[in-house]
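*Asks:* The sequence shown lines up with residues 1 to 61 when you count with the UniProt record's numbering.
Simulated from the structure, these hints should not be mistaken for lab results.
Nothing here was measured: the structure is a model prediction, and the numbers come from that model.
It is possible that some hints are incorrect.
Said to hold, decoys possible - Once the Cα atoms are required to be at most 20 Å apart in a straight line, the calculated DMTMM-like pairs of lysine to aspartate or glutamate come out as:
1) Lys29 / Asp40
2) Lys29 / Glu43
3) Lys29 / Asp13
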Amino acid sequence: MADDPFVPMDTTDWSWRSFLSEGSNRDHKVSNVFGSNSVDILELKFRRVIVMIGGLDPLQD
Numbered sequence: 001m002a003d004d005p006f007v008p009m010d011t012t013d014w015s016w017r018s019f020l021s022e023g024s025n026r027d028h029k030v031s032n033v034f035g036s037n038s039v040d041i042l043e044l045k046f047r048r049v050i051v052m053i054g055g056l057d058p059l060q061d
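I would like the entire structure built from these sequences, with the hints used as guidance.
*Replies:* Here it is in structure tokens:
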């Protein structure tokens, strides 16, 4: 990812620093929704959805 021409690592690092509150890291509950600091959502009812991602999306997981 460091050499990615579409989403370089320094750009994603800047985004994280801009989004998270000062002193936070990427384990913050809003950035790591399944981490140890997250809210338990097991009992929530979610509607069914279909997620479609283009084949050339560099952030596709």
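*Asks:* Sort out whether Asp40 lies within 20 Å of Lys29, counting only the CA atoms.
*Replies:* At roughly 11 Å apart (the allowed maximum being 20 Å), Asp40 and Lys29 satisfy the hint.
*Asks:* Lys29 and Glu43: Cα distance at most 20 Å?
*Replies:* 17 Å, holds
*Asks:* Checking one constraint from the list: CA of Lys29 to CA of Asp13, max 20 Å. Satisfied?
*Replies:* Cα-Cα ~17 Å, so holds.
Checked against the numbered hints given earlier, this structure breaks none of them.
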